[in-house]
Each structure stands twice: as C-alpha cells, then as structure tokens.
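Please build the complete structure, drawing on both the sequences and the hints.
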Amino acid sequence: MRAKTASLIVALVGLHLTLLLAGFVAPCDPGAQDRDLPYAPPTRLHFVDASSWHLRPFVYRWSAGPDGYFENKRQSFPVHFLTGGPAYKLLGIFEAKWHLFGVDEPARIALLGTDGFGRDEFSRVLSGGQISVAAGIAATLLALLAGSIFGIVAGYYGRLTDESLMGATELFLSLPWLYFLLGVRAFLPLHLSPARTFLLLTCVIGLIGWARPARLVRGIVLSARSRNYVLAARSFGGSDVYLMWRHILPEVLGLLLTQAALLVPRYIAAEVTLSFFGLGVNEPVASWGNMLSTLQQYSVLVSYAWLLAPAAAMVVTSVIYSILADTLHSRLEFRST
Amino acid sequence: MKAIARLTLLVCLLAGVCMAAGPSPEKPNPGEELERAGQVSGHYGGNLTIGGRAEPKTLNPVIATDTVSREVIGRMMADLIDINRASQQTEPALAKSWKTSPDGRMFTLQLRKGIRFSDGHPFDADDVVFSFAVYMDENVDSPQRDLLIIDGKPLTVTKVDQYTVRFILPRPYAAAERLFDGLAMLPKHLLEKSYREGKFVQAWSLNTAASEIAGLGPFRLKQYVPGQRVVLERNPYYWKVDSQNERLPYLDELTFLFVGSEDAQVMRFEAGESSMISRLSSDNYNLLARERDRMRAQLADMGPSLEYNFLVFNQNDLRSKKLDAVAQKQQWFRELKFRQAVSAAIDRDSIVRLVYGTRGAPLWGNVGPGNKQWVNTAIPHPQRSVDAARQLLKSASFSWNQAGQLLDSSGKPVEFSIITSSSNTQRMKMATLIQDDLSHLGMQVHVVPLEFRAVIDRVFQSFDYEAAIMALGGGDADPNPEMNVWTTSGTSHLWHLHETEPASPWEREIDQLMQQQMITLDYGKRKQLYDRVQQLIAEHLPFIFLATPNILAVANPRVGNFHPAVLDPYTLWNADELYIRTPIESAAAR
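Residue numbers (the working numbering), protein chains in the order written: chain A, 1 to 337; chain B, 1001 to 1590.
One or more of the hints may lead you astray.
So the derived list for chain B, only partly shown, Cβ under 7 Å to chain A, looks like this [said to hold, decoys possible]:
no., residue
1, Val1266
2, Asp1283
3, Ser1410
4, Pro1413
5, Val1414
6, Ser1417
7, Asp1436
8, His1440
9, Val1448
Below, simulated SDA-like cross-link-like pairs (lysine to any residue); rule was C-alpha separation at most 20 Å, straight line [claimed, not checked]:
no., chain 1, residue 1, chain 2, residue 2
10, B, Lys1412, A, Ser193
11, B, Lys1429, A, Leu301
12, B, Lys1429, A, Val302
13, B, Lys1429, A, Phe277
14, B, Lys1429, A, Phe187
15, A, Lys97, B, Ser1024
16, B, Lys1329, A, Val302
17, A, Lys89, B, Gln1402
18, B, Lys1329, A, His191
19, B, Lys1199, A, Val302
20, B, Lys1429, A, Asp36
21, A, Lys89, B, Ala1403
22, B, Lys1321, A, Phe187
Pulled from the structure, derived: some chain B residues nowhere near chain A, Cβ distances all over 12 Å [to be verified]:
no., residue
23, Glu1035
24, Thr1067
25, Gly1104
26, Gly1114
27, Glu1270
28, Trp1364
29, Trp1506
What the hints contain is simulated information worked out from the structure, not anything from laboratory work. Heads up, the beta-carbon is just placed ideally off N, CA and C, and yes, glycines get one too.
This is how it looks when you write it as structure tokens:
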C-alpha cells in the first residue's frame, strides 16, 4: 500500500512538475516551424557509431529523400544536458534560455517527431499539457467551489431553497454542453487571445459542471445537519454560517477531494474535445485538443503514429488521477469505518 | 423433380443477371446522325461505382447548383456544343455543326437528325427552343440565366426548321459557343406541362420516378436509394459510337455512393467498394501512392488546376454597417504598400510543399500555369523577402516598437484576423503558415476557423470580417466566367462588393478591358486585353494570390479509358467511354 502511494505521489509530482517547467524540459520552441521537416519521425537516440560505444547519446539529422526521411550519418550530434537554447519564460515569469537537453544546430532533437509544420511534437505536448491540465484543474476548482456552496446551502436550508437549487442542477445536468458552447462562441468576438479563450473555457466547463458535486454535497449535508453535535452547536446559538463552516464543511471535504480527482481528467477531456472541434485554444498556441485535431484527416491518422502523443499523454494523466481518486476513496472509507 | 428445380433456379439467376445488366444498346441505324468518338475502344458490361461526398439535392438540371447534383445530372444530360475537357476546345455535341455570322452575333446550329431521348422520344428543335425558354425564365431563376443575358438583354432563339436553330446575341460575344457547354437540353414532351403550370422548380426532384426523367446523356436514372446511392443505367439510344461503330456507353451501370467526406471516399476505395475518386487532396493522393504496389491503382496527377486560393482584405464600404473595429483597420487594407508587403512576406513555396505536398503551384496572379492558353507569363514571380516587405511598410509610415510589434502611423499595433472554412484543412494550413510568415513583420494575426456557410455569409453579406482565405475559379479556362470577379458590378467582386462606381483608375481600366475582351472575337487581341487585366491585378493586389492545387484523381486498375482533365468534371467528362477491363487487360495495362 505504501509503495503504491509513494509511486502515486512520484507520478503526480513528476507530471505536474514536468508541465510546470515545460519550457525547461522541452528542447525547442513549441511554436517554431521548420518547414523543411514536416511530419519527420521521432529522432533516434544512438549510443553506438561505426567505431565505438558512447556514454553520451547522440543523434543524426533527418534528411528528406524520395522515399521519405533518412538519417544523414555524415555527422553526428551529441546530446547536451543543461544546455542553452531558445528563450522561454520559466513559470510564465522569468526569462530563461536553459534547457534540460538539446543538440547543436543545425541538428534538431524531436523525441516525438514533428507535425505538419515541422514543429517539435514533444515540446508541443508539454506546452499543450500546460493549457489542457491547467484548464482541467481550474475548471474543477470552480465547479467544486460553486457545487459545495450551492450543495451546502440547499442541504442545510432544505424546503424551497433545496427544491429550487436542485431543480437548477437538473437543468444544468440536462444541458447539451457542446451545443451550449457553440452558442456561446457565436456571441463572442471573432478572435480571442489565448488567455481569454483559456478563461472562457475554464468558466464554461466549471460553471456547467457544478451541478453533480452540488447534489452529492447536498446528500451529505442532509444527514450532517441533524447530527447531535450540529444540533448542540445550534442550541448554543451558533449562526448558520458558523455551523456550515465549522461543522458541515469538514464533513464534505473528503467527498470534495475525491470528486476533484475524478473531475480533473474529465474536464481535461472536455477541454481537449472543445479544442479538437476548434472551439478552444487556436493555433499557433498548442493544446492537446488542437494538436489531435490534425488526426481528423485519414491520411495523417494512418501515416504518422507519433502525432497520437497528446492522446497518450491524456491517457497517462487520466490514469494517474483515477488511481488518486481510488486511493483517496479507499482512505476516506477506511477512516470513516 | 430436382432437375426442374435446378433449371428454374438457373433461369431465375440468368434473368436476374440480365436485369442487372440494364438495357442493351440499340444498334445504330442509318437514319441517325451519330457522333463517332475517334480512337475510342472498349467493351460492354460492368458497373462502375463512385464514392461521392454528398447526396444530390435535385435531378433538375436547370436549378441544380451543387457540385454533386451537377455531377450526376451531367451524366444523364447533354448539351448542344461541348467543351472537350482534355483539349479545352469546343466540339460538336447535339449540334453536329454551327455557323457564326461575320459580325459574331448570329449562331446557326444544325442538330443531329434521328437521335432520341433516353425514353425513346425523338429530339428536335422544339426541345431546344423549349429548353432555352426555361433557362431564361426569370421565375425559374436558373443559375445559368446570367450567362444568357448579355448587356441586360436575353439572347433570342428561333426554330428555323425541325433540325436547325438560330441564336441571335444582343451584341458580339467572344467564344460564344462556350456558352452552350453545360446547358442540358430538356425533353419538352415530359417537362412542358409542369413548366406551363408554374411547377417547373418542383419537377425532377429525387422522388420523381425514373420513367418520368429522360435526357440525352449516356446514362439514365435507374434507382435512387435515399442516404445510400443513385444508380444510373445505360441510355440505349445515346448518340455517340466508338471507333468500331458500337454505340456508347460501354458501362451497364454507373453508381454514385454517398459516403460523406473525402476521407470516407478513400477508405471505400481502399476497401474496393468504389472504383474511382474524382478529386483527391495531395495527402490522400500520397497515401494511395504509398500503397500503389498493393492496390495497383491508376493515380493521375494532371498538374495545376484553374482554381486560385487567395487572401482577401475587407475593403467594402462599411458606412451603413456597425463595424467600427473593422472599419478602423481598413486604412491598412486599402494601402497598396501594406498589401504588397503582405504578399512579399508570404512564403508560397512553403504553402505548395506543406499544404499540397509539392503537388501544386505557387500563384502571383489570377491565372495559373494550368491555364496555358490565357496565362500572362510576363507577370513577375518575386521570391519571398521579409526585408523587401519591411521596406514597403516603412515607406508607408509603419514602424516597429521595441518588442518588434508593427505599429501604424498613429501608433496602433497591426493586428487582424483571417477567417477560413474549418472544414477545409488545406486552407486552415495556409492560414497557419501565413500567420507565422506575417509574425516576422511584427503583425499579430489570428486564425479564425468558421463553418463554411458562416465564412460565405460574412464575406458576401454581413462584411463582418477583416481578412479571409478563399478560392475561386476552376470552371472554365476562358476569361468570360471571370467577369463576375473582376468587374465592379460583379457578384464575386469580393474585396469591394456592391461597388457603384470603380473606386480607383485601375479598377475602371479593368472594367473597360473585361468588357472589351468579351466582345473581341480575335483570340490574339483578347489575349492582349486579358494579359493587361492580369498585370493590373498583380500590381494592385485586390487579392493576394497564394497557390493552386494539382488535379489529382485515382481509379481502380480495371477502369479503362481513365483520362482525367483539369476542368470539372475531372474524371467523368468521358463517362461514356469508360469501361471495365478484364483481368488480363488490366495486367497488360500495367
């Protein structure tokens, strides 16, 4: 159990740290096009050349031939660690030029190949992951905040308040959100900056998603409000806000944590879906959704398997969060028994 | 008893095969003036299945506007004079010959004698007069009507005798015989009633019984299955014969499947469910080329098409619209040096390589290298130059701030959006490349993918856009269909629609040149006039031309006489000559 928890923590921290430091981990500028290398396959790392073994990996340049790309073995390029490269903003604030690894020009290291514009897929998966995962987390926080407020109020006051708020949750649960978003998009200006698009996505996904957590929270509050310690606190003159904050909210915290672990991958998928259909973040900014949208073309889907990398990243992220939800659920259940 | 049962089964099977094979072609008889298709040979039999992207909307040739309907209808109908898609020249069709008066206004057409519609009814001058009356009727509102109204006056059609028809044009019209291409001759005996009752627009819908539809094309309607397919069968009375005096077409049936998208067309083709794709993107062409050894498909790259993709800036008059944000940016868009700088910064070679996989050609004018007869080869093809673009912007009082952002003379950053159809991946790619190219000039460009109809609505109706990537052309090599685009009053004069007066001297000159070339009968003189039009367009850049794709098509190795052309319909223009090869013939053809 401990080993599983430790692995989970390592995976969670590793995933988020990698995405947070995407500019440092990525060897290339995610938006930089290399028009001589469209759809280049992943760069191969070599340890052996014609003469001997090397401890430091090296790469060859891709050259275009009549039958596709081939490795130009006339010159090898060693992989450098903690090396200089294209400028980026670390954590979105600090100007930096250091990268975890890279190779000297004119070679390029594209661990996951390149897309149709010759952009490094690995760098774009990391950069796109920042947008997709951040949108998922922010939308989850928003949904849980709104859901817990409405859920606690509905469960605590009951009667008309409960009925009207739960009626609203039914309305939101039955909303076809993709069409709703299409409608919202039609009212907005033609072009939105990536930051505004991100905010819009987060708000829409979060605000549509509050209904389910609200219903769950309400269920717990309904039973919690009639517990003896709540009744005792009320008889001592505790105000409604005090009771909700001090006695009822702690009851639902466990549920909110589990819900968070479940909702993050779901909302990442929502962002990916929207960007896939061109409703989310647009080119040249990367998101897993708009990267995957090129696979709508049959010829791309069957020819360039490395362009499925964002889907693989999404699966890995979802699995980590699912295990987290499972672990949290088991622990909370164990604690309550 | 068993023997009787087997015999019955065999008879039933044979009857089924015979019924599926469709009607046998009638033997040519001496009273018919048939057209002999020179070197064409093949043999009868077989069904050719084609994967279409959508379902036809109508089978009425007069009101059909969508490509799919026209593709199906075109196989069932015939015109008086046809443009041969291979030679791009006119050739006799239902009219066996024609004479033009010296002033170029009168055309006298001799019709073929003894030929019949697909229901066996004879064809004569009454059908021609009836057909033109329908095409020119304002109430029917045919899309071809505009072509037949010259200077606001309709052409007059007179029956001289049963097989002679005279057309008088309001004024001389260059290449007037090309007008007849695509105008299907209608059976008066079937359609006159609905026309007189004012119900012509409802006639020949997809629900009309096959027996009520007849044409003079190589095929006739057999079956329509909603959502699945249209099946055409051989017209046994078709008016063309091959080199062996055998009546065409060779195919028993021609089936159009409705598959939804180009990708679905490719998948059906790979699965062997369809035998031909009329137009392919370079990505799918290259995909099939990689599988050539396995599939042995006949891949055809016919070279650059007549279509031109372009970037257009909104220069419309927006005074009556509440579009202040767009109107403010129009001072950039109307500045010639701004448009020249954008043109200089665009890397057209990259567009051809990355968008068309080298199966296309860069463009600097409205006539591309595919139109050999009319292209002005003197138009310069400058290489991409960011430095030259920067110089142009500097000379037009643009400047750059410390962050490298381009500012106009009032210090406002240059930022605009390009709309394009989200369903067209090639134009989406072009937009992304242009976005990157223009970022080197400090311009901030946003690519906005919109649903196709939304793009059309913004460009043609609401004018609520800043720039757009679109495509035009491709119908005919002749300059006359381009009148709509380049003359001030044209309905596709996209950069400035509904212009009452030419906004500039060069637009006025283009108006005069286009009108002049339309009434000039001599090809050399017309070419000079149209060369000047192309030069003015290339100099003043109302459109910034990008690239044209090659015409790419594919067919199963068993399809014989597969000769695609650069003019629409690319592969089915010779549907009457297509035939199914035997396996031995297919092997020999390889």
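Do the hints match the structure? See the list:
1. Val1266: Where the cut-off is 7 Å and the nearest Cβ of chain A is about 6 Å from Val1266/B, the hint holds.
2. Asp1283: Nearest chain A Cβ about 4 Å off; hint holds.
3. Ser1410: violated (21 Å)
4. Pro1413: Where the cut-off is 7 Å and the nearest Cβ of chain A is about 13 Å from Pro1413/B, the hint is violated.
5. Val1414: violated (14 Å)
6. Ser1417: At about 4 Å, which falls below the 7 Å cut-off, the nearest Cβ of chain A leaves the hint on Ser1417/B intact, so it holds.
7. Asp1436: Given a least distance of 6 Å, the restraint on Asp1436/B holds.
8. His1440: violated (11 Å)
9. Val1448: holds (5 Å)
10. Lys1412/B <-> Ser193/A: Measuring from Cα to Cα gives roughly 17 Å; hence the hint holds.
11. Lys1429/B <-> Leu301/A: holds (16 Å)
12. Lys1429/B <-> Val302/A: holds (19 Å)
13. Lys1429/B <-> Phe277/A: This hinted pair holds, its Cα atoms lying about 15 Å apart.
14. Lys1429/B <-> Phe187/A: violated (26 Å)
15. Lys97/A <-> Ser1024/B: Cα-Cα ~77 Å, so violated.
16. Lys1329/B <-> Val302/A: Violated: Lys1329/B and Val302/A sit about 43 Å apart, past 20 Å.
17. Lys89/A <-> Gln1402/B: Cα-Cα ~18 Å, so holds.
18. Lys1329/B <-> His191/A: Satisfied, since the Cα-Cα distance of roughly 15 Å is no more than 20 Å.
19. Lys1199/B <-> Val302/A: The given pair, whose Cα atoms are some 50 Å apart, is violated under the 20 Å limit.
20. Lys1429/B <-> Asp36/A: holds (15 Å)
21. Lys89/A <-> Ala1403/B: holds (15 Å)
22. Lys1321/B <-> Phe187/A: holds (18 Å)
23. Glu1035: At roughly 40 Å from the nearest Cβ of chain A, Glu1035/B sits farther out than 12 Å, so the non-interface label holds.
24. Thr1067: Thr1067/B clear of chain A: closest Cβ-Cβ about 21 Å, beyond 12 Å.
25. Gly1104: Holds, since 49 Å exceeds 12 Å.
26. Gly1114: Gly1114/B is indeed farther than 12 Å from all Cβ atoms of chain A, at 49 Å.
27. Glu1270: Violated, since 10 Å does not exceed 12 Å.
28. Trp1364: Non-interface label stands for Trp1364/B: nearest chain A Cβ at 20 Å, farther than 12 Å.
29. Trp1506: It holds; Trp1506/B is separated from chain A by about 30 Å at its closest Cβ, greater than 12 Å.
Of the numbered hints listed earlier, those contradicted by the structure are 3, 4, 5, 8, 14, 15, 16, 19 and 27.
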